[in-house]
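K.L.:
Residues per chain, in single letters:
Number of protein chains: 2
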Amino acid sequence: MSAVIANSPSVPLYHQLAESVQQLIEGGTLRPGHRVPSVRRMALQREVSISTVIQAYTVLEDRGLIEARPQSGYYVRARLNPVAPEPRMARPMAQPSAVGVSDLAAEIVSYSGYPDYLPLGAACPHHSLFPTKKLARLLGAAGRDDPTLLGQYSMNGTHLPLSREIARRYLQAGAPLDHDELVITIGCTEALNLALRAVAKPGDTVAIETPSYFGILQTMQALGLKVLEIPTDPREGLCLDSLRNALETCSVAALIVTPTFHNPLGSCMSDARKAALYHLLGEFDLPAIEDDIYGDLHWGERRPKPLKAWDTEGRVLLCSSFSKTLAPSLRVGWCAPGRYRERVQRLKFTNTMATPIVLQKTVADFLRNGGYDHHLRGIRRAYRDQVQRFSTAIVQSFPLGTRLSRPQGGFVLWLELDPAIDTMKIHGDALRAHINIAPGRLFSVRERYHNCLRLNCGIPWDESIARALRDIGSLCARQLK
Amino acid sequence: MSAVIANSPSVPLYHQLAESVQQLIEGGTLRPGHRVPSVRRMALQREVSISTVIQAYTVLEDRGLIEARPQSGYYVRARLNPVAPEPRMARPMAQPSAVGVSDLAAEIVSYSGYPDYLPLGAACPHHSLFPTKKLARLLGAAGRDDPTLLGQYSMNGTHLPLSREIARRYLQAGAPLDHDELVITIGCTEALNLALRAVAKPGDTVAIETPSYFGILQTMQALGLKVLEIPTDPREGLCLDSLRNALETCSVAALIVTPTFHNPLGSCMSDARKAALYHLLGEFDLPAIEDDIYGDLHWGERRPKPLKAWDTEGRVLLCSSFSKTLAPSLRVGWCAPGRYRERVQRLKFTNTMATPIVLQKTVADFLRNGGYDHHLRGIRRAYRDQVQRFSTAIVQSFPLGTRLSRPQGGFVLWLELDPAIDTMKIHGDALRAHINIAPGRLFSVRERYHNCLRLNCGIPWDESIARALRDIGSLCARQLK
Chain A
1 MSAVIANSPS
11 VPLYHQLAES
21 VQQLIEGGTL
31 RPGHRVPSVR
41 RMALQREVSI
51 STVIQAYTVL
61 EDRGLIEARP
71 QSGYYVRARL
81 NPVAPEPRMA
91 RPMAQPSAVG
101 VSDLAAEIVS
111 YSGYPDYLPL
121 GAACPHHSLF
131 PTKKLARLLG
141 AAGRDDPTLL
151 GQYSMNGTHL
161 PLSREIARRY
171 LQAGAPLDHD
181 ELVITIGCTE
191 ALNLALRAVA
201 KPGDTVAIET
211 PSYFGILQTM
221 QALGLKVLEI
231 PTDPREGLCL
241 DSLRNALETC
251 SVAALIVTPT
261 FHNPLGSCMS
271 DARKAALYHL
281 LGEFDLPAIE
291 DDIYGDLHWG
301 ERRPKPLKAW
311 DTEGRVLLCS
321 SFSKTLAPSL
331 RVGWCAPGRY
341 RERVQRLKFT
351 NTMATPIVLQ
361 KTVADFLRNG
371 GYDHHLRGIR
381 RAYRDQVQRF
391 STAIVQSFPL
401 GTRLSRPQGG
411 FVLWLELDPA
421 IDTMKIHGDA
431 LRAHINIAPG
441 RLFSVRERYH
451 NCLRLNCGIP
461 WDESIARALR
471 DIGSLCARQL
481 K
Chain B
1 MSAVIANSPS
11 VPLYHQLAES
21 VQQLIEGGTL
31 RPGHRVPSVR
41 RMALQREVSI
51 STVIQAYTVL
61 EDRGLIEARP
71 QSGYYVRARL
81 NPVAPEPRMA
91 RPMAQPSAVG
101 VSDLAAEIVS
111 YSGYPDYLPL
121 GAACPHHSLF
131 PTKKLARLLG
141 AAGRDDPTLL
151 GQYSMNGTHL
161 PLSREIARRY
171 LQAGAPLDHD
181 ELVITIGCTE
191 ALNLALRAVA
201 KPGDTVAIET
211 PSYFGILQTM
221 QALGLKVLEI
231 PTDPREGLCL
241 DSLRNALETC
251 SVAALIVTPT
261 FHNPLGSCMS
271 DARKAALYHL
281 LGEFDLPAIE
291 DDIYGDLHWG
301 ERRPKPLKAW
311 DTEGRVLLCS
321 SFSKTLAPSL
331 RVGWCAPGRY
341 RERVQRLKFT
351 NTMATPIVLQ
361 KTVADFLRNG
371 GYDHHLRGIR
381 RAYRDQVQRF
391 STAIVQSFPL
401 GTRLSRPQGG
411 FVLWLELDPA
421 IDTMKIHGDA
431 LRAHINIAPG
441 RLFSVRERYH
451 NCLRLNCGIP
461 WDESIARALR
471 DIGSLCARQL
481 K
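Read top to bottom, the protein sequences are chains A and B.
Counting from 1, position 147 in the first sequence corresponds to residue 147 in the UniProt record's numbering; the numbering is continuous, with no gaps.
Counting from 1, position 425 in the second sequence corresponds to residue 425 in the UniProt record's numbering; the numbering is continuous, with no gaps.
Just so you know, these hints were derived from the structure itself, not from any lab.
No residue lacks a Cβ here, since even glycine has one placed at the ideal position from N, Cα and C.
Don't take every hint at face value.
Claimed, not checked - Quick list of the computed label-pair ranges, beta carbon to beta carbon:
hint: 1; chain 1: B; residue 1: Ala78; chain 2: A; residue 2: Pro202; range: 46 to 54 Å
hint: 2; chain 1: A; residue 1: Gly428; chain 2: B; residue 2: Gly300; range: 50 to 58 Å
hint: 3; chain 1: B; residue 1: Ala78; chain 2: A; residue 2: Asp146; range: 32 to 40 Å
hint: 4; chain 1: A; residue 1: Arg381; chain 2: B; residue 2: Asp180; range: 36 to 44 Å
hint: 5; chain 1: A; residue 1: Gly428; chain 2: B; residue 2: Glu248; range: 46 to 54 Å
hint: 6; chain 1: B; residue 1: Leu240; chain 2: A; residue 2: Leu160; range: 46 to 54 Å
hint: 7; chain 1: A; residue 1: Pro12; chain 2: B; residue 2: Arg144; range: 52 to 60 Å
hint: 8; chain 1: B; residue 1: Gly203; chain 2: A; residue 2: Leu431; range: 55 to 63 Å
hint: 9; chain 1: B; residue 1: Leu376; chain 2: A; residue 2: Gly378; range: 41 to 49 Å
hint: 10; chain 1: A; residue 1: Leu160; chain 2: B; residue 2: Glu248; range: 51 to 59 Å
hint: 11; chain 1: A; residue 1: Asp146; chain 2: B; residue 2: Ser51; range: 17 to 25 Å
hint: 12; chain 1: B; residue 1: Arg69; chain 2: A; residue 2: Asp146; range: 35 to 43 Å
Said to hold, decoys possible - Calculated from the model, a selection of chain A residues having no Cβ within reach of chain B, i.e. all distances over 10 Å:
hint: 13; residue: His127
hint: 14; residue: Leu247
hint: 15; residue: Phe284
hint: 16; residue: Val358
hint: 17; residue: Arg389
hint: 18; residue: Arg470
Please put together the full structure from these sequences, using the hints given.
P.N.:
This is how it looks when you write it as structure tokens:
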């Protein structure tokens, strides 16, 4: 084993050690739940310093391979079964297309509201994961304490304590912004709409990752925008070389990107790649709309910095909401539009005038006194565990050759099945069995991903999910016969 | 006097009597606050039956000229002083223009939230007129009874009891519609946006009354639509001949119209004119977006039928909300889009996804058990009285030659001043005195109405309003020197 280390003199020692332990884990020598050799023992065994081992273990922890248990040492984490390879990056032609996705998207979201359908379709966590009782109490109190909140508009449509809390959280995430920059919207959906309308007019081309969240594609269709799909790596995120090529050959009005825990891939761009992306934006004087809705749902220690953290010139329009972390039905979102602030503010006024103040106050009160960070830690753990249970079950239930994403945050999984499988048909069959899934076709404006599907793992694991995954696996296997 | 009656044998006797008494009122013989002769005395005096007098007085009451006081008899109502003539109808050229109104509109709305500015600008009633305490209680109960309402989307984004209540009310108003037709929106603003986007694409021309609510003009600007302004009579509403001319000479994608208590004019189209308008729509195969937000705020006995009542072919997209009747900040509105339902539903999904269910439920609960009709009767009376007090004060405080609208519902007044007066300047001067008004220029996409202004009479009368009106009157007089 020490040979591996000696072979690569240009790579730091701790990194080589981490790689070597990772091989032990992936090869099955160290299995989930096993204790990793103690720091002292490993140092002796590999003839390296204590601090090198600590650095190596930190890397492995960041990669989600091991976890520290207080007073006990490091253990191999329950994790994605390595026999399922990851999905491959698409290779789209660099040619803008008119958007053409169907009403299937709305159907899938609305099925998530039917209690007798298993909601694996829409990316919406189960309500039991949200602090709905506490929110309901705060909502009641907000109205009771100041009923006039219901009866009048507020200045500029913004509840100041809310925008201050949001700005404070971005400061912690490494992206300082002035609370005055924020426009409070009806969920992230309105934020994305306003941002798109602020930077592009009908007929313009907007670049976007592929695959992409179908809601954005539908919004672009509704706004008369053309879509230029940029290949996106399931682990690393948006392919910067492809983006550069596209910008050199096409006239592109803006980029829309989810650099942190992409939906559906789960990919997360590293800080270095985010910095490089921002540099590229400057080079082509391109505005970027950043969808950061999954940013707080990291499974690792640290919240990745949003692209906005690099934004010294106001060219990033950050969009997000509390729909994945607190309560989807409150519909409280925001946009930090940089230099496009006035445009976005004006569009907000013409689009929906204001966001209900009583809901803004409810969220602000929760952020200030409701234990939001404690709550976030809880759902991050829940999402991570649920995704892992889904992953394990998928490996057991789906045909050999199924590829599976390995997200580092959020709560969705992306599956790439045998090319002979048509997931639109699987979707239809599954619906008849009262299971709602999101077929891959939704996630592109071209005839793509017919053999892919996205699963919402935002619902607590139980036997009905295990059964449903077996059923979907069988439906897939049947198509291969 | 009896001669008047004898002269017109084809007109019913009670009607002739009513006309004759109206002349006494308008001529100043019977003045505001005076007791009208008792029914018995009038019957003796005019040699007609008791029931004829009762019928005549009922007509006069409908016309808002007299009012019954319990145990006391009929009195001449405080009312618009007939020395202020009504504003004149604009005569625009039938030529579409790109919209070019400023951010002044948003400024005026946001000033209405500043407690130290007298809010005569935005058409927003004072919060004390809304049942905010009862709504706050219902809001608290809605969350408490079912906290999951906050944590999940509902099927199709609609709270069924709400759409059923809204449909029931339209049935009573003579416009039966299926509750399934309704799309619940973020206020009337989103409803108008979705309706416009459903029937027109950027670059298209949409016909609209002039003057028109500035919010609609700004929405049209934001959507890249061209505006064709159609002259509108301050009493009768949209000029149908002008509309016909316009449709014959221009390519028009849609009409947007407020047939019932127009903002800012207060005009109301008669049933006959609404029927004729609907016929015209059919002739030119034109969709119409009906803004019915003031429909429930009639001062007379009956709620006028919306244009939608004639809509047998699904070409009327009815838009409204509870912002003028119940609570502006709840942002609960709706669209009944006729044959464009699917398009509007899809646009709703891409624009804001859903309207907060807990707010929909709060409104539905109020409609079912909160005494909504009782509340409506109260605010109708309040709005009418406030408009009358404003009118009286304006006649006393403003320069001779000031023309004043005579609305039959709603709570705004439209003033046409001497052409030498620039109300943009008045607006600036008034703001410095902490009074917010809406200058006429806002209400057109052309350089029009520079000498007009709109006043919000939705706030309970007090001495500060009297003082403010005297101040504005003086500012006007000063410009004439």
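K.L.:
For every hint, state whether the structure bears it out.
P.N.:
Against the structure, the hints:
1. Ala78/B / Pro202/A: 46 to 54 Å: 52 Å, holds
2. Gly428/A / Gly300/B: 50 to 58 Å: About 56 Å separates the Cβ atoms of Gly428/A and Gly300/B, which means 50 to 58 Å holds.
3. Ala78/B / Asp146/A: 32 to 40 Å: Roughly 34 Å apart at Cβ, these two residues keep to the hinted range, so it holds.
4. Arg381/A / Asp180/B: 36 to 44 Å: 42 Å, holds
5. Gly428/A / Glu248/B: 46 to 54 Å: 50 Å, holds
6. Leu240/B / Leu160/A: 46 to 54 Å: At 48 Å between Cβs, range holds.
7. Pro12/A / Arg144/B: 52 to 60 Å: 57 Å, holds
8. Gly203/B / Leu431/A: 55 to 63 Å: At roughly 40 Å between Cβ atoms, Leu431/A and Gly203/B fall outside 55 to 63 Å, so the hint is violated.
9. Leu376/B / Gly378/A: 41 to 49 Å: Since the Cβ atoms of Leu376/B and Gly378/A sit about 46 Å apart, the hinted range of 41 to 49 Å holds.
10. Leu160/A / Glu248/B: 51 to 59 Å: Given about 53 Å between the Cβ atoms, the range holds.
11. Asp146/A / Ser51/B: 17 to 25 Å: 53 Å, violated
12. Arg69/B / Asp146/A: 35 to 43 Å: 37 Å, holds
13. His127: His127/A is in fact no farther than 10 Å from some Cβ atom of chain B, at 3 Å.
14. Leu247: Since the minimum Cβ distance to chain B is about 25 Å, Leu247/A lies beyond 10 Å and the statement holds.
15. Phe284: Phe284/A clear of chain B: closest Cβ-Cβ about 25 Å, beyond 10 Å.
16. Val358: 7 Å, violated
17. Arg389: Nearest chain B Cβ is 21 Å from Arg389/A, so the label holds.
18. Arg470: Arg470/A is indeed farther than 10 Å from all Cβ atoms of chain B, at 26 Å.
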